[in-house]
Amino acid sequence: MRYLPLSDTDRGEMLARIGVKSVDDLFADIPKNMLLKEPVDLPRRKGELEVERILSRMAARNVSASSVPFFVGAGAYKHHVPATVDHLIQRSEFLTSYTPYQPEIAQGTLQYLFEFQTQVAALTGMDVANASMYDGSTGTGEAVLMAHRVTKRRKAVLSGGLHPHYVDVVKTLSDMASDQVVTLPADVSGTEDILSQIDDSTSCVVVQTPDVFGNVRDLKVIADKAHQHGALLIAVFTEAVSLGLLQSPGSMGADIVVGEGQSIGNALNFGGPYVGLFAAKSKYIRQMPGRLCGETVDADGNRGFVLTLSTREQHIRRDKATSNICTNSGLCCLAFTIHMTLLGQAGLKRLARINHANAVKLADRLAGVKGVEVLNKTFFNEFTVKLSKPAAEVVERLAEKGVLAGVPVSRLLPKAGLDDLLLVASTEVNTDDDRAAFVAALKEVL
Amino acid sequence: MLNRQGRPSAPQAHGVSDPAAGMGDQAARLQGDANQLGSGSPGGHPTFTGNKALAQIEPLLFEIGRHDVTGVDLDEPEDFEPRLGGLERKDEIGLPGLSEPEAMRHYVRLSQMNYGIDTGLFPLGSCTMKHNARLNERMARLPGFSDVHPLQPVSTVKGALELMNELGRYLVTLTNMTTVALSPKAGAHGELCGMMAIKAAIEARGEGKTRNVVLVPDSAHGTNPATAALIGFVVKPVPAREDGWVHVEDVKERLGPDVAAIMLTNPNTCGLFENQVAEIAKAIHEAGAYFYCDGANFNAIVGKAKPGDLGVDAMHINLHKTFSTPHGGGGPGAGPVVLSERLAPFAPVPFVTVKDGELTLVENDEDADETPFGRMTAFHGQMGMYVRALSYMLSHGSDGMKQASEDAVLNANYIRASLSDLFSQPFGDKPCMHEVLFDDTWLKDTGVTTLDFAKAMIDEGYHPMTMYFPLVVHGAMLIEPTESESKSSLDLFIATLRDLAMAAKKGDKERFTGAPYHAPRRRLDETRAARTPVLKWTPPAPMAEAAE
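So the sequence lines, in the order shown, correspond to chains A and B. Note that the numbering used here gives residue 377 to position 377 of the first sequence, counting from 1, and the numbers run on in steps of one. Note that the numbering used here gives residue 876 to position 430 of the second sequence, counting from 1, and the numbers run on in steps of one.
Derived by calculation from the structure, the hints in this document are not laboratory data. Incorrect hints may appear among the rest.
[As the list claims (entries may be wrong)] In silico DMTMM-like pairs for lysine to aspartate or glutamate, Cα to Cα no more than 20 Å straight-line: (1) Lys604(B) / Glu396(A); (2) Lys955(B) / Asp300(A); (3) Lys682(B) / Glu699(B).
Predicted model, so just to flag it, every value in this text is computed and none were measured.
Chain B extracted, bound-state conformation (with noise of 0.2 Å):
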């Protein structure tokens, strides 16, 4: 018997006398999973569907959708004559559609199978998975806001202009710059906005051609090699020291009349502050060359320092971090650059200026008085991060933002603190900044890897933190806890992982290596998702040969 879509209606190994058989192929879809998760799972009576409970399977939008189905009603438009010129689509696109119950399950259940910032903690390092206030939400929803057009007349978007103008006032600010690039819309998008500026800028002083060489130290996000090689710098490595800390005389020894800048993160991977910043700020500047800041690490100094006066000319800001405008499972994010005085000439289109005592909107290079190195991107960037993150500074005010960047930092150190006797630090037992770094030293010999115990942190209901990143520390577990968790979830964190810590002493190895065992799926198998990609859902054989 086969099902609407022409597959069968029971796994072939069950037969006829299924409980499945004549239910359709999501019934036998699920039957087939209940199997394979009940033999999988310590403890767990199988069940017919494969759900359990809560935990609920959910198969793919093209297994359950249906091509007449929709779940928009709209009125077909009376009859008319097109104005197409004969391209007409006279294909089908093969998108099933589902009505709006089934719509809501399906994403309700996907929904279930994720862990977010709201689930428990999530100490991923180097991304600041802090609170995410509704009320931000509530605001960006603002029809004013949301409903606006990028390219309707400016008199009817002043109040825009004026959160833009605003939002920007706040980060110069807080960063003692003079001018902020508010277009780019992720952190390596603002990199690479930052990077622009200093090859323009290298290019009116008529070095293009002479200085092409970026120093980037082996700790820093893969991010910066790249985006210094996309806009055809050469990167020139600076090597790690032992302390954690780039030194001005590693600096020094590569600088010359080829090099164009050196990125450095600050607060750096290995969540330290660059002790000696100031320094190789001047050697980077008496060379003749910028000094780029990768902004990713901002929440363990906003309202402690400003970037400004340690030297900085670009850095950008990821507003998905430090001003917590949401994750969004991977975007979208938002990197506004504040530029130096040396740099912010050449900031890029568009920006909001004040002319005549009135906020104007700058969208082309020749309307500026400026010499702009050209556009990032269609339109003005990120607005409804913008309101978000002005949302965020607005409700944390001065005094309010230097709190959460102490408590940010506090709460790496009660971590470390608690830690040190069990964890092993790369680079000695000294205070860090919001985030603190392990390695995997304290693994040796238990059999068990940095990947095992993330996954079993997953069994214990926490997100694993950053693994295998700095590079430049073997086994790298590197944990950002954020000023939004409090005391007694930090002391169950630090049991759990004292707790993990000794099993994996103590030879509980299955423990580990075997995990997760309650997350929604086992460990998966990645190696195979590479080796043969399959990047999209196809029909199963049975329906081809069914529709010959």
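In isolation and in its complexed conformation, chain A is listed as follows (with noise of 0.2 Å):
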């Protein structure tokens, strides 16, 4: 087996080393009867050829999106990486290492830690971020119970425009935690009451913006009335290159700030991994979850970066931590962070105008088509449409036509009587030939 450094004959030397005479003596501690004789009943070892012929099969059943005008996004979206990015993230130092517990031979990754954590503390407009989260989801999830450390309250208050698997994260979470959960209902327009949800038993406000829906939200009104009430705004996003061209979170108020990075750096890999990124208050940063880098000093007084307030976590407070949480989502950060350093706040911001003028663009051919009503006033890169006809319906038929439209509302709320409603996404990657594909199509199939 190419993986198995060890030959017969240094298994032999070894186990007579040992002082035992076969590797079952070994497994003696698993009772007898349970020690299994056979292999399991799996196929046996494979080539590196017929391993890439079985898989490349099942890759090739699936249409990518580079393929095809892609619109997808409620999200996750699909967006140009730099060849440079996956190179880099390739490199053996970074690939194969661990976490950084032996600081002294892994400042490679705690020095972009610290510049991630930088970068994203300066995107969101926070004081300080950690060194990531698994996706936008989870780290949602987190936010509402670090919101609850703080103000020692258990209700949460969640937009009707947060992403609905967001939603149900939460949701999952908090019923299990026996903490209370009051969610909005969802919010096509981008207009509803949630000020009046907010009272002084409110633990914290979740609000995502842009929303699923695709509405830009102004959270300073929203921020406000959370503070009168000692309760906690909790910004949410899903398209991280959004923060290119929209105020900051944190300067409309907002006390912690999480959100889905996969939009740089990352690939759309059917979901996952994906990064989230997580900032925050700095007088909060002892009830954050998550790993955080810290600058310090070595021994001959030179700058060195380490994993630090691990006070807060599981291996060293157990049954008290703040978090369950013991890893970043290390690469994916890494992706990140090489994406933005080549992006720049210049490149970042032209990316983020290109963005909202493709998907402009894009609306108003849409809003042009017999059967078609765009429903937003504001959006950045996505937008809602109602369509004369189901909208799954309709994607069915326009992926049959090579154009993988959107994301049915009906997808991601199966018994809200959305049925009609579209969820359409534009970003650098499509053309003017994408749109008068889309558009060819649409008016077939309405």
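Hints in hand, dock the two standalone chains.
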């Protein structure tokens, strides 16, 4: 087997040194009747060529985003990732290293984490950021738990514009922890009355902008009302590129900002792995979940970096820890920071403007199709359209015509009576030809 | 003279005659570092740059980047009417950029300050730092897997469902369990998923109010009690015994109608297979509780024993350990959870199932025939990791996976047998599974601690073993070589540890207490980092003054 270096001679010599006759003598603690005599009922080993054939055959059964006009978003976005990013994250020293518990030989990881934290803090307009979470949705769950710790209250109010998967993740976690969640109904227009839900028992208000229907939300009023009642505002985003063009959540008064960082540096990957961004006001540092990287010096006085404030964490605090998390999203976080470094603020702003411009162009073209109504007054690179036929059916028909048109709202909210709504996203990858193909196909289907 | 960031271009102590004067901020800073590094390194002549041939010093991105530089060529869009509702950003973001060659060099230099599996032996106990085959990377990057959106029509992702189903079949077969929840994003997330399934099952039985205690042995990984507490369980410890095993009578003593589950790591963190596991499972089940198994150490028994045969109800599998998806400096991981028949109906959405002879994806509770407890994450979990793990499994096959476990156990025992005369074993000299545990009794009176010993290993070119874990052992050293090491690699490692051990016993204290001497950094001051946390770069003071 190509991955296993020991020869039979080696094994014999090693068993002799250990002083046992066979390798099964080392498994003597496994109850005899439970020790397997034969290999399990799965195929035997395969060469590289054969494995590649099997998996390539499976991959070929999927339609990749780059191969068609592509407008699918709703929390994961198709962006161009520079070749440099994927090359660098595959360097052995990044790819095959562990969580930097031995900082003297992990300064590469630690320095990029420190840089990543600085970038995320700047982007979100917050004081501090952690070294990343699994993804935006689990990060949102952790943000709610953090708000409960800070406020010593246990009721979260979730906006009807929060991504339904995020809502489900928060609800699952809260139900299990016996915490209270108030979920507002789906808010297609971005005009819900969330202020009236905030009272003195509210721990946090969770608002996404741009929201899942694409509306750009002003958080200032919500922040003010939350703060009046001693509650925290958790601002969520699922499209990190939007931060290049929109006011930062921090500048609008958010206490915790959490979001999905996939758009920058990371491929679609059918939903994961992604990278959760998590930032907060500095007074809440000690209640933050996840890894934090901090600056220090070594014995010679040279600057270096270490994981820090670990007394919050499970390996020290066990059942009193702020979270059970013990990893971040290392390589995805590295991909994010490399891409962000290549962009810089100049590139990010331009990328964001291109996204917005493409979405505006698409919205204007779709608005001219009979049977299509664009619902949004505001949006960044995604908006909601109302169709004259059920969206799920339209999307299937368009897929047959080689256009991946977007996400039917009914897929996210099956029982909400919103079957005629379609979420449509447009990024820098879309061309005039893509838009023309979409419009032409839609005209045929509607 | 000030550089473009408004900072003096030479360290003040050196004045204008300093050779770095006028060379810009980076050169000046390097000069400062060079003086420091030169003084602290034995036998080295200080260099002007602070670099030492291939060992390069790399400033922070914020010290070399510029706000008007970008490494991505994009054309400004034509004029258009924005639809942002007046919420455009008006302030500067404050993020510098680098051109592509600068970025490439920055990250390559950073990478060179890291130790990885490809660098050398990485015996980090309970972490399973095995070889990461690049075939798996190539497969995960096939556009049919990497460039597919989680919410594009199911009719366009049949191959993705097939892959998830096939991975699930492998995991269920290897463990003899009923089903698998693939979506958890890491081991701790998998634990949470398993414990949520247990909680849901207990609530379905109407015992949610009364069964709220979870038994956790003291030797358990910290995530176990943290997970249980996170969803409202009360954690009751099971004390450690002097033989390293959990005893069935200790479990029985704590069992009652209030006990929901036990969280048992098997093989355990002391490197031993829990030899009373069958009796413990029986006792747990008779008391109406569930058996959660922490599968962190599954690599010892893949193809040798099936957790389902041992009475396990739920077990997470760290794909990044046992099935070699890269650890990536701390993630991303993946923690699918296999479930017994009793817990299977409660598995969270989404999952892949067969309906009318075709694979379908169930994404909402309402569409499930079963009673899912909810959702762990947006979308469908760590697809990129699923591909890599299946690529590993297909490559190894049933015979290769069995061989890998046997070699992992053989390698650990070879180290044990080769060091047992010098190092102390807390539970006596007996066979271990895929990792061997030593304590620090043998270091008594040497003035050398486990930490010092670990840092001296760094100087010898090794990543240290896991230190101070499990907590039940004083000064623990947990060594897991994995099956990826050759005999000659192990022989050199053993010889090195023996040399270090003898040096420690001989009183060569400085070799340890001052270590590492040869790493990119000397020992780092972690106390200082925690006392006054500096968690991001801020512009140095002179810049602010210059701006005024």
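Hints versus structure:
1. Lys604(B) / Glu396(A): The given pair, whose Cα atoms are some 14 Å apart, holds under the 20 Å limit.
2. Lys955(B) / Asp300(A): holds (19 Å)
3. Lys682(B) / Glu699(B): holds (12 Å)
The structure shown violates none of the earlier numbered hints.
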